[in-house]
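Chemist: Here is how the chains run, residue by residue.
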Amino acid sequence: MPEAGSQAGGEALHASAYASAHALFGLDPVWVAVSLLLVVYAAIMMEKFNRAVLSILGAGLMILSGVLTQEAAIRGIDFNTIGLLTGMMVIVAISQKTGMFQYVAIRAAKAAGGRPWGILVMLAIVTAVFSAFLDNVTTVLLIAPVTLLITDALGVNPYPFLFSQILASNIGGTATLIGDPPNIMIGSQARLSFYDFLLNLTPIIPVIMLVTLGLIWLLFGRSMRATPEAQKLIMEFNEREAIEDAALLRKCLLVLALVIGGFTAAHALHLEPATIALFGAALLLLLQTWGQDLHAKDKAFEGVMAEVEWTTIFFFVGLFVIVTGVERVGVIAWLAHKTLALTGGDFNATAAAILWISAIASAVIDNIPFVATMIPLIQNMAPSFGGPEAIEPLWWALALGACLGGNGSLIGASANLIVAGFAQRAGHPIGFLQFTRHAFALMLVSIVISHAYLYLRYLS
Amino acid sequence: MHASRIMVRDVTTCGPEDTVAEVIAILNEHSFRILPVVDGDGRILGAVNTLTLLSHIVPEYIMEGYLQSVPFAPDIGLLRKHYRELLGKRITDVMDENPTTVREDESLLSVTAAMIRHDRFEYVLVADEERRLKGVISSSDILRALDRFIPEDECDA
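Chain order of the listed sequences is Z and V.
So the first sequence is numbered by this note's numbering: it starts at 1 and just counts up by one.
So the second sequence is numbered by this note's numbering: it starts at 1001 and just counts up by one.
Calculated directly from the structure, the hints in this document are not laboratory data.
Everything hinted at is true.
DSSO-like cross-link-like pairs, simulated, lysine-lysine; straight-line CA separation at most 30 Å:
| no. | chain 1 | residue 1 | chain 2 | residue 2 |
| --- | --- | --- | --- | --- |
| 1 | V | Lys1134 | V | Lys1089 |
| 2 | Z | Lys97 | Z | Lys232 |
| 3 | Z | Lys297 | Z | Lys97 |
| 4 | V | Lys1081 | Z | Lys232 |
| 5 | V | Lys1089 | Z | Lys232 |
| 6 | V | Lys1081 | Z | Lys110 |
Start from the sequences, fold in the hints, and give me the full structure.
Modeler: Written out as structure tokens, the structure is:
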């Protein structure tokens, strides 16, 4: 593929390739870089190895083979993404122990008066809102067990509830800069602020959520019934009992408010989101054990660190190096040129292609490596469309496609797999086809809405 | 010592047609904790004990440990709901289909080991070659047997 490009007049490809890299044993760096990327991606898809180990191995080989120097590799790591992810993971690890999620879920179910459809809607909205600000996987992992408890009391099938929560977590995650890893990467590398996401992506999310819920009603909601005794049982849940540590909860809410406020104001203050997230994390770590002795503080710190998903963090580190290697040898620029040639350099067609390709790709493969590859590709298109400012709609197309595409199948996003695994162990297995046949259609509807939104707001 | 020496021979049983409600009535009436389920020929089909029954009223999502503490749930309401559903079921739907069984001529050592390996039952059923129920041995039967056979002087030491 890259060779074809080099023969077909891709001077840019070879010029940059040989200027920046000299591969081991006279191997063509273009081939080394592309092979490493493909082998690592294929190995991730096999699901036989830890993906962080694979990406770090790939990154190491990128340096050992001479495609990148260590300095170039480290410059390629987006520490803003890494810092933001780590900071938010620490805050979530501490917050989840307070019982806050359970409290809100039960409160929402009771607010619906014990009616099954009302409860489904409330739990889906709670999931979407939490996912918009916190990690999707944590959100569903905390809401799903409470959902089983509630549907058990109601005497209804839990599947429509879990189904709607999977969709809601991916839809809600699309809404903000910190909602989903693809958005964190896009925001960081395209230099878009939390406020930019709020202004450009958030408005369309309630529309998508509403339409999705409407379709779920047609699929499942119409036939949901619960007896008066079951509804009474729901009202007997006592959400106050869910709060495990009221003092810690107050500290968490304070830090969460500061961090979200900080994200909103970050651009005006010339601060990067990673600074705010890591500062918030450090502040919460300090407050969490305030007044305890040093030994207890050390233990608590180590406990929180053990809950940070280091697999995800190191996966990102390795991935950034691999993508930098492929970019360095000019393959990404070549792909960008090819894509532009296909869309005829038409901005609308390019945006539509990014939206739809991202959606379909994210339904099948992990959207994190996909977005990591797409970001430099889109950056390379900027000159053709009049600079970084002009291509902003392309970033929204990528974010909408990659995040919402996760709803396209049971393996489309980590939250989907987590809920499916949990449901299986809890005796309510979710089948791949059972999920995908409804979810894929609903995902397509959300992409049609996104397409219309992008067209009306930025294109035409 | 053979299993047949310490087993209780006169065992109350229930049949495959009995409902859980009927079985619970028998268990409560005699303060039994186990009831073998046998067919018309006295062959063992399974067994129920109090723990088997309780395991059917605790949902799997609680057993899986995702909700380690659920102080906010209406626990009595939920458990009673499952309990009422359980009462109407056939005993064959909830019984343990593979209760630990030993032969009459098995040694007390292997009987004890078999009992420990099965973590939900404090009983073993004693059966002949055709799985016909001959008796029941409980963990306390074994302890009592050991006590009885320790000579007096060793006890004092």
